[in-house]
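Q: One line per chain: the protein sequences are X and U, in this order. Going by numbering that gives the first Met the number 0, the first residue of the first sequence is number 0, and it counts up by one from there. Going by numbering that gives the first Met the number 0, the first residue of the second sequence is number 0, and it counts up by one from there.
Hints were generated in silico from the structure; no laboratory data involved. A virtual CB, placed ideally from N, CA and C, is assigned to each residue, including glycine. Please note that the accuracy of each hint is not assured.
Unchecked claim - Calculated pairs, DSSO-like style, for lysine-lysine (alpha carbon to alpha carbon, straight line, at most 27 angstroms): (1) 170(U) <-> 47(X); (2) 38(X) <-> 216(U); (3) 5(X) <-> 47(X); (4) 8(X) <-> 47(X); (5) 191(U) <-> 76(U); (6) 41(X) <-> 188(U); (7) 47(X) <-> 76(U); (8) 38(X) <-> 19(X); (9) 5(X) <-> 191(U).
Said to hold, decoys possible - Here are the computed distance ranges between Cβ atoms for each label pair: (10) 36(X) <-> 266(U): 27 to 33 angstroms; (11) 130(U) <-> 18(X): 55 to 61 angstroms; (12) 18(X) <-> 145(U): 39 to 45 angstroms; (13) 21(U) <-> 47(X): 28 to 34 angstroms; (14) 16(X) <-> 44(U): 48 to 54 angstroms.
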Amino acid sequence: MGDSMKYLKNVVTLKQFPEKCTGCGICIDVCPRGVYEMKNKKASITDKDLCIECGACKKNCEYGAIEVAEGVGCAAAIAIGMLTGSEPNCGCCD
Amino acid sequence: MSVNCCGTGEKQATPCCGSAPAYVSGYIETPAGKVQQVSGVWSRQESIGQIRCRISGSFRMHYTVDPGLYGIGNPTKESPVFVSANYKMSFDILRRELNGIYGWILVLDTRGINVWCAAGKGTFGTEEIINRIRSVGLEQYVGHRRIILPQLGAPGVQSHTIKNETGFSVKFGPVYAHDIKQYLNNGYKADKQMRTVRFSLMDRMVLTPMEITALLKYTLIYALAVFALFGLTPQGILFKNALSEGTLFVIMGLLALFFGAYFTLVFLPFIPFRSFALKGFIVGVAYCALVSVTLDNPLLHNRYIQIAMFTLFPVITSYLALNFTGCTTFTNMSGVVKEMKIAIPLYVIALAVSIIALVIYKLVSWGIV
């Protein structure tokens with residue numbers, strides 16, 4: 000049950016550029032949510048709404064085939080960020 | 000490079016300074032120096048430590064092991080290298096799951112933070128791994144050039160950079176340490192199950208104590224404010240009134256904490272809608288309705304109290320639920336930002352309504368309105 004839990008629809012910033020993909024498969028290895036699968040020797044997105052925007056795929060793709068905006072997802076940190084104009088940590092995971 | 004142990008003057012891979020910690024079961028002699036050997040079996044200390052980590056923020060903040068190289072079993076130059084954070088719980092879980100095999104454990108300085116959070120911050124990261132490999136001189140201990148990382152470290156780690164800088168290629172192991180042995184047996188391959196993070200009922204339940212303890216200090220302030228409000232008369236604050244009228248709202252506040260911080264998280268998949276703020280709000284409304292129909296308190300028949308109740312407590316449970324988005328394994332920042340942009344203005348309006356309703360209630364009870 001835990002792995003199929005999904006959050007809001009159509010909000011994630013994940014973008015894939017298939018023309019740059021070489022099919023190395025590292026994105027499939029690092030993604031903890033099963034966003035990618037191999038299709039026709041290239042990585043293909045299974046369900047974008049599964050993405051947690053952790054950035055692991057983007058960071059490990061040598062070919063620049065992935066774009067995503069990663070950042071702190073903690074509500075308290077975002078609230079503080081909205082009020083102060085920055086994105087500081089909430090202090091609970093320092 | 001290895002350091003001199005201040006006690007014996009011998010070279011070893013981890014500084015010790017005095018007697019070795021309890022989890023060190025001995026030393027491994029290598030041509031490059033002594034390496035602390037760790038046990039794969041937990042003592043009571045580890046079990047108690049794990050529980051305390053789930054309850055006390057101050058405990059877990061200082062629950063660390065020294066960074067450096069350790070060995071489990073009797074590792075040789077062919078044995079695999081596993082990379083860990085220096086949060087003791089991460090380290091303990093790893094060595095427990097490695098029990099029975101020979102390996103090296105490279106502990107990073109993640110400032111005592113677990114793998115996933117540290118990866119998000121960058122402390123379980125490319126630079127630290129490169130520096131740690133160099134500072135322990137990993138190439139002196141193993142003949143191969145492979146390190147195995149926990150998959151949840153990936154957000155902080157650029158594997159190709161590590162390979163280029165150190166010659167060590169990164170293999171991403173499974174999400175959960177308990178799959179490591181299978182991963183090794185499969186020839187360093189993880190299947191889809193092993194590569195997926197979960198959020199089971201147990202995962203959710205272990206998070207709740209920390210959330211609730213973090214909020215307890217606010218409950219005292221809340222209780223005092225509520226008692227003061229209900230006890231307020233034009234002559235001053237009367238304790239009799241405070242207790243007889245205020246107790247209901249104080250208890251409802253405490254229950255809202257329970258429903259928002261515990262109930263909503265535990266029953267998360269069963270509550271409708273995807274929005275956490277909405278899930279929390281629904282639970283709050285249901286809980287207030289339940290109290291309204293089951294409790295026979297004259298206050299509950301008062302129109303203004305009803306308005307205050309149905310605006311204040313569902314907002315509390317909604318906010319507590321929204322706060323949980325930071326500790327799940329399936330939410331994303333874009334979604335949380337969207338939720339907050341809608342929820343926060345609504346919270347402000349609802350709280351204003353709640354306060355106005357309570358003020359009117361007081362004015363009516365004083366006969367002014």
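Q: If a hint holds in the structure, say so; if it does not, say that too.
A: Consistency of the hints with the structure:
1. With a C-alpha separation of about 25 angstroms, the suggested pairing of residue 170(U) with residue 47(X) holds against the 27 angstroms cut-off.
2. Between the alpha carbons of residue 38(X) and residue 216(U) the distance comes to roughly 53 angstroms, so the proposed pair goes past 27 angstroms and is violated.
3. Between the alpha carbons of residue 5(X) and residue 47(X) the distance comes to roughly 10 angstroms, so the proposed pair stays at or under 27 angstroms and holds.
4. For the suggested pair residue 8(X) and residue 47(X), the alpha carbons sit about 9 angstroms apart, so the restraint of at most 27 angstroms is met.
5. Under the criterion of a C-alpha separation no larger than 27 angstroms, the hint pairing residue 191(U) with residue 76(U) is inconsistent with the structure, at around 31 angstroms.
6. For the suggested pair residue 41(X) and residue 188(U), the alpha carbons sit about 19 angstroms apart, so the restraint of at most 27 angstroms is met.
7. In summary, the hint linking residue 47(X) to residue 76(U) is not supported, as the alpha carbons are separated by about 43 angstroms, beyond the 27 angstroms threshold.
8. For the suggested pair residue 38(X) and residue 19(X), the alpha carbons sit about 15 angstroms apart, so the restraint of at most 27 angstroms is met.
9. Under the criterion of a C-alpha separation no larger than 27 angstroms, the hint pairing residue 5(X) with residue 191(U) is consistent with the structure, at around 17 angstroms.
10. At about 31 angstroms, the beta-carbon gap between residue 36(X) and residue 266(U) stays in the expected band of 27 to 33 angstroms.
11. Between residue 130(U) and residue 18(X) the Cβ separation comes to about 36 angstroms, which falls outside the hinted range of 55 to 61 angstroms.
12. As the Cβ distance of residue 18(X) to residue 145(U) is approximately 31 angstroms, the hint placing it in 39 to 45 angstroms is violated.
13. For the pair residue 21(U) and residue 47(X), the supplied restraint of 28 to 34 angstroms is violated, since their beta-carbon distance comes to about 47 angstroms.
14. Distance hint for residue 16(X) and residue 44(U): a CB-CB separation of about 50 angstroms, consistent with the stated range 48 to 54 angstroms.
Hint violations for this structure: numbers 2, 5, 7, 11, 12, 13, all remaining hints satisfied.
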